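Visitor: Using the hints provided, position chain W relative to the given structure of chain D.
2 protein chains.
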Amino acid sequence: MTPSINDTATDTVSATGTTIVPVAIAHTPFAEKFAIPRQPALAPAATAVIELLPPFDHPDAVNGLEGVSHIWLLFQFHQVKTEAKLKVRPPRLGGNRSVGVFASRSTHRPNGIGQSVVKLEKVEGHRLRVSGVDLLNGTPIIDIKPYVPYADAIAGARNDIAPQAPAAIRVEWEAEARHQAEEEARRLGEAVIDLTEQCLAQDPKPAYQNPDAGRRYGVQLWDINVTWHYPQPDTIRVLNISRCDIPAE
Amino acid sequence: MTPSINDTATDTVSATGTTIVPVAIAHTPFAEKFAIPRQPALAPAATAVIELLPPFDHPDAVNGLEGVSHIWLLFQFHQVKTEAKLKVRPPRLGGNRSVGVFASRSTHRPNGIGQSVVKLEKVEGHRLRVSGVDLLNGTPIIDIKPYVPYADAIAGARNDIAPQAPAAIRVEWEAEARHQAEEEARRLGEAVIDLTEQCLAQDPKPAYQNPDAGRRYGVQLWDINVTWHYPQPDTIRVLNISRCDIPAE
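Just so you know, the sequences run in chain order D and W. Residue numbers for the first sequence, in this note's numbering: 1 to 249. Residue numbers for the second sequence, in this note's numbering: 250 to 498.
Just chain D, with the same shape it has in the complex:
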C-alpha cells in the first residue's frame, strides 16, 4: 500500500462498525451515578475489584502488571441510554454552559467509551484490586493498559475548561449517623466513613441548585443509603446511614 499524502483513507473505514466485547467487569461501591467522583483519584477510598472475564480470566493476561503503579481502564458508560449530542453541558460548568462533546469527558458521547486511570493496589490471579475509581458497579471494562509515566504524564499541559479539581465542600456528621457508619464499615470491611466524606466533599448536587436546609439528598454506596442536607450552602451534614431494604445475597 502506498497512499498519497492526499489520501483521505475514509474508504478503508468500515461503515458497519466494529464489535467490542467486555474483557472484565468492575465491582465498585457505586450503585448509582449520583455522587460518583467526576474523575478518579478524587476518592482514594473508592476501592474496586476488576475481574477479568473469559477467555481473559487467566493470570497470564496480567503477568508483569505488579511492576506498574497505575492502570488505565477503558470502559463502557453502560447505563447511559440517551443518544450522543454534538454539544454537552458538563456539571463542572454549572450545567448551564455547553461545550463540544469532544472537548469534555462527558458520559454522553459517541461510542460511549470512558477512560480512567486508577491506582493498582494488588494483582490477585485474574482479579485486580484498585483504588480511586469513578465507575458504576457492574461497569464493563473493554481494555486495561499500564500507565506509562514518560508518555502519559504531560508536564505543563493546560485545560482551561477543567483547570483543577473541583473545590471541596465541608462535610459534617450527625453523631448517630457517624456511629452507624462505623458499624457498617465493620460489617463490610470497607472505608465507609472515608468514602462518604470523599464523595460528598465534591458536592454531588447540580451546581446550579441552591438547596434549602429542609431538602434531603441521598445516595447508595455498597448496600448502604447515605442521607444528607445542606445546613448552609457551603456545608454538607450527613444525617443518616442505613442498610438498603434488599438484603445482600
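Hints were generated in silico from the structure; no laboratory data involved. Treat the numbers as computed from the prediction; the structure is a model and nothing was measured. For each residue, glycine too, the CB sits at the ideal point set by N, CA and C. Be aware that one or more of the hints could be misleading.
Said to hold, decoys possible - Now the stretches of chain W that chain D is said to cover, found in silico as 3 or more residues with beta-carbon under 8 Å: (1) 266 to 273; (2) 314 to 325; (3) 348 to 356; (4) 392 to 403.
Guide: Chain W in isolation, oriented as in the chain D frame:
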C-alpha cells in the same frame, strides 16, 4: 436497582458485544507501521490532521477545545489482523521477553483499541491539527477527549516495564540524502528532516537484531522512501531519500 455487594453483575454484560463506529480519521505521515514512534511525543515533528467524520463533522463537536493543550485519541489498530493473545512480546523488551497483554500497550490486544495523547496545535472547523502522533495514516479514531492535567498527569507513577523513553540512537546523513530531504521538505511543506531523525533515533529495527553494515533498511514517510544502514551498531546513517513510484493524486 439495588445490587448487593456480592453482585457480580456479569449478567448485565451483552454477550453479543457493542458496535463502535469511527468519529474521525487520522491523516499522518506514517504509511507503514515500521519506524512509527512507540509512544506519541517522542516525535514532535509527527504532525497530523484529525478529520471529524459525519455526523460529527461540525465545529460544534469540538467547541471549547482551543482552551486545551493536549487531547487523547482512542483509535483502532486497524491494520492488526492477527488474533489477540494473553501474552505479548513488546519490542522494548527486546522481543524475547513476554508480559501479559494488559501489562503492555501492544497493538495486538482484545478489542484492538489504542490510546495516545497528542498536542493540539489548532482547531480548524471540523479538523484538528495535532503533533506528536504515533498513528498510521488512515487510522479510525473512535473518541477524542480533552487531557485533564489534574486527573491524567500522575506525579510519582511507576512503570518498571517501561520506566523511561527508549534511549536515542545517533542519526547521521549522507550529504546527498540530506539535500534530497531538503527538496522533499520544500515540496511537501513538512519537516522531513526532523521527522526522519526523530523516528530513526528510536532505532526502528527489532532490538534483538545485530545488523551488519551491508544491510539496508527502509521506511515510507508521506510519499517518500527513507533508506538507511548501521555503519556501527549504535549509529544510523541515512543513505537515500526518494519519491515513491506512485504519484500523489
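Visitor: Counting residues of the stretch 314 to 325 of chain W that have a beta-carbon nearer than 8 Å to any beta-carbon of chain D, does the count reach 3?
Guide: holds (count 9)
Visitor: Examine the stretch 392 to 403 of chain W: at least three residues should have C-beta closer than 8 Å to a C-beta of chain D.
Guide: holds (count 12)
Visitor: Please count how many residues of the stretch 266 to 273 of chain W have a CB within 8 Å of a CB from chain D and say whether that reaches 3.
Guide: Coverage by chain D holds for the stretch 266 to 273 of chain W (7 residues, Cβ < 8 Å).
Visitor: For the stretch 348 to 356 of chain W, does the count of residues with a C-beta closer than 8 Å to a C-beta of chain D reach 3?
Guide: It holds: at least three residues are needed, and the stretch 348 to 356 of chain W offers 7 whose Cβ sits within less than 8 Å of chain D.
Of the numbered hints given earlier, the model fails none.
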